[in-house]
Amino acid sequence: MSSEAIAQTAPAQPALALRLIVAAVIVALLIALPFIGKALGLESFTGLATQVLIYAIAAMSLNLILGYGGMVSFGHAAFFGVGGYAAGILYFHFADKSDFLGFIPGSNALLIALPVAMLVSGIMAAIIGAFSLRTGGVQFIMITLAFAQMLFFLFVSLQTYGGDDGLIMRRRQILPYLDTRDGTTFYYIALAMLAAWFVLTFCIVRSRFGFVLNGMRQNEARMAAMGYAPYPYKLVAFIIAGMGAGLAGALMANYLRFASPDMLHWTKSGELMMMVILGGAGTLFGPLLGATALVLLESFLTAYTENWQLPLGIILLVIVLFSHGGLSALIRRFMPGKP
Amino acid sequence: MLVLEQILNGIQFGIALFLMSAGLTLIFGIMGVINLTHGSLYMVGAYAAALVAAKTGSALLALVAGLAGAAVAGIVIEALVIRRLYARDHLDQVLATFALILIINQTATMLFGRQPLFVAMPPALSHSVTLLPGLVYPVYRLVVIAVGLVVALGLALPINRTRIGMLVRAGATSREMVRALGVDIRLLYTIIFGLGALLAGLAGAMAAPILAVQVGMGEQILILAFVVVVIGGVGSIRGAFYGALLAGLIDTMLRAFLPGLLRQVMAGSNADALGGGLSSMGVYLLMAIVLLVRPKGLFVRQS
Numbered sequence: 004m005s006s007e008a009i010a011q012t013a014p015a016q017p018a019l020a021l022r023l024i025v026a027a028v029i030v031a032l033l034i035a036l037p038f039i040g041k042a043l044g045l046e047s048f049t050g051l052a053t054q055v056l057i058y059a060i061a062a063m064s065l066n067l068i069l070g071y072g073g074m075v076s077f078g079h080a081a082f083f084g085v086g087g088y089a090a091g092i093l094y095f096h097f098a099d100k101s102d103f104l105g106f107i108p109g110s111n112a113l114l115i116a117l118p119v120a121m122l123v124s125g126i127m128a129a130i131i132g133a134f135s136l137r138t139g140g141v142q143f144i145m146i147t148l149a150f151a152q153m154l155f156f157l158f159v160s161l162q163t164y165g166g167d168d169g170l171i172m173r174r175r176q177i178l179p180y181l182d183t184r185d186g187t188t189f190y191y192i193a194l195a196m197l198a199a200w201f202v203l204t205f206c207i208v209r210s211r212f213g214f215v216l217n218g219m220r221q222n223e224a225r226m227a228a229m230g231y232a233p234y235p236y237k238l239v240a241f242i243i244a245g246m247g248a249g250l251a252g253a254l255m256a257n258y259l260r261f262a263s264p265d266m267l268h269w270t271k272s273g274e275l276m277m278m279v280i281l282g283g284a285g286t287l288f289g290p291l292l293g294a295t296a297l298v299l300l301e302s303f304l305t306a307y308t309e310n311w312q313l314p315l316g317i318i319l320l321v322i323v324l325f326s327h328g329g330l331s332a333l334i335r336r337f338m339p340g341k342p
Numbered sequence: 273m274l275v276l277e278q279i280l281n282g283i284q285f286g287i288a289l290f291l292m293s294a295g296l297t298l299i300f301g302i303m304g305v306i307n308l309t310h311g312s313l314y315m316v317g318a319y320a321a322a323l324v325a326a327k328t329g330s331a332l333l334a335l336v337a338g339l340a341g342a343a344v345a346g347i348v349i350e351a352l353v354i355r356r357l358y359a360r361d362h363l364d365q366v367l368a369t370f371a372l373i374l375i376i377n378q379t380a381t382m383l384f385g386r387q388p389l390f391v392a393m394p395p396a397l398s399h400s401v402t403l404l405p406g407l408v409y410p411v412y413r414l415v416v417i418a419v420g421l422v423v424a425l426g427l428a429l430p431i432n433r434t435r436i437g438m439l440v441r442a443g444a445t446s447r448e449m450v451r452a453l454g455v456d457i458r459l460l461y462t463i464i465f466g467l468g469a470l471l472a473g474l475a476g477a478m479a480a481p482i483l484a485v486q487v488g489m490g491e492q493i494l495i496l497a498f499v500v501v502v503i504g505g506v507g508s509i510r511g512a513f514y515g516a517l518l519a520g521l522i523d524t525m526l527r528a529f530l531p532g533l534l535r536q537v538m539a540g541s542n543a544d545a546l547g548g549g550l551s552s553m554g555v556y557l558l559m560a561i562v563l564l565v566r567p568k569g570l571f572v573r574q575s
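Here the protein sequences come in this chain order: A and B. Per our numbering, the very first residue in the first sequence carries number 4; after that it's consecutive. Per our numbering, the very first residue in the second sequence carries number 273; after that it's consecutive.
Since the hints were made in silico from the structure, they are not lab data. A portion of the hints provided could be inaccurate.
Said to hold, decoys possible - These stretches of chain A come out as covered by chain B in the derived footprint (C-beta under 8 Å, 3 or more residues):
hint: 1; region: 69-83
hint: 2; region: 126-140
hint: 3; region: 148-154
hint: 4; region: 271-280
hint: 5; region: 318-325
Small disclaimer: the values here were computed from a predicted structure and weren't measured. Backbone N, C-alpha and C define an ideal beta-carbon position, used for all residues, glycine too.
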């Protein structure tokens, strides 16, 4: 991980050109993907790719605190689920023509649902982070898990919003001028959100704030000695990460037209961590790679066998035990300069 | 009387939690490993006991099978995976053992199916006794409580009185120092992990006649056991004991009485659902409060 920091501070010139080319290829590929899918006659491909993009946003947000900040949060799915429920509950009250808590009207506009989801999960992250960040190490892992479990059981117990069964949205929330019911359109919405989140992460990581955060992962005591109090920096990063997961959750609820307690289940937190590690923690493109790998692997294995968790577990175990730095490290080994 | 009965139920649940968290806290504190597969060892113990009980009808053989099954599974897991994780950071440990859970659960589903197994009470223990006028309580649960208390004492004595116990205590306080003093840390690790597996197997085997034996039962108790470890303080057996009783009592009491209280202010089905959810949250809330007041847990010196 420290070699990563060195590579960032001393970029070699030819490598930079190569990195730009690779980035351009990835972007072009992502834009052309629905057409490629149609040309190959794989209609379900766009839907799968949409899920990849949404999970990539969630994984990217987790990567900010886990990869760059060194905070091992085992409860990130909580914010994913809160975002999903925020969108779902807004739609529920819109369809029901009632008010949330008696005074907040529902909405079926995506332009309202997404910011609200980010706001609510940001507030949640502020509360959970304020408590959790007082601890560290094992205790931090466990207390984030505990808070996520609390929210999980809270949503399970809310009968109004489906309880155990989850909350079904009859239609996706709408955007002006765009038809969100169309699969390809929704793919591009997700892609635009991913791009926006990517740019935001890029800016954060390259900012003074990002460098302080990175420094705290490497040596918190030294940063503190230099006059940077760890707590506020970590808390802000935790809140930003929570908002990203909330955005992804609201998109996922709209994509599936369904928000359920499963979105907050602790195995979902584990999956998000897997994506980050699989792709490479503390790298910009890593979460996208990891989300792609895990979603494709899962859908491939489910198509192949009912007992898909067995091969998935074995593959993940081998990767964790024997890879150092995930897929992006593997790619970098073959191609120096890959972002 | 209902309250007394629920207190006994809470103690019994707390005992099960203690058996799980005693092993976890030692593995945490001494080996520095976050072992998510501890719940799987519990499940293996329950399945082994259930299968042998169904075959032979003997409760004693079932208990032995549960212990042996969990111990064998523990040894295999330690040798194949956990041993490679000692030097890794917590993140790798969480992810590797998370992957192991997927593997073990899916294997169990393939072997035994999705239908839960039910185990008959051992006939000698299946009746109830009257403890106080109006308080009738199943003997089996009393036996579970007694076994748990004996095990707790049985753990406390060697840990406080023997040389191995001294090393265990020293390891929980300062792992590096014990290693630096030339203790065979590998042997110590294997003993600790084996002990933890045995305790998890015991908890699983004893839970088999009370709960439905099914895939996923391990994770339910695992997360609670982690909560207990954090409440009691990592590495502290005493902390695990009191933390487990506290968590068991709070969880059981909330589950028993909260829906009834809520029903007085709202409709029945809503009250049941909300009460169930809120009482599941109780233990986690307790942990959050404890960590706020004492970030390292109740029974560990705060530095």
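How the hints compare with the structure:
1. 69-83: holds (count 3)
2. 126-140: With 4 residues in contact (Cβ-Cβ under 8 Å with chain B), the coverage given for the region 126-140 of chain A holds.
3. 148-154: holds (count 5)
4. 271-280: holds (count 4)
5. 318-325: holds (count 4)
Checked against the numbered hints listed earlier, the structure breaks none of them; every hint is satisfied.
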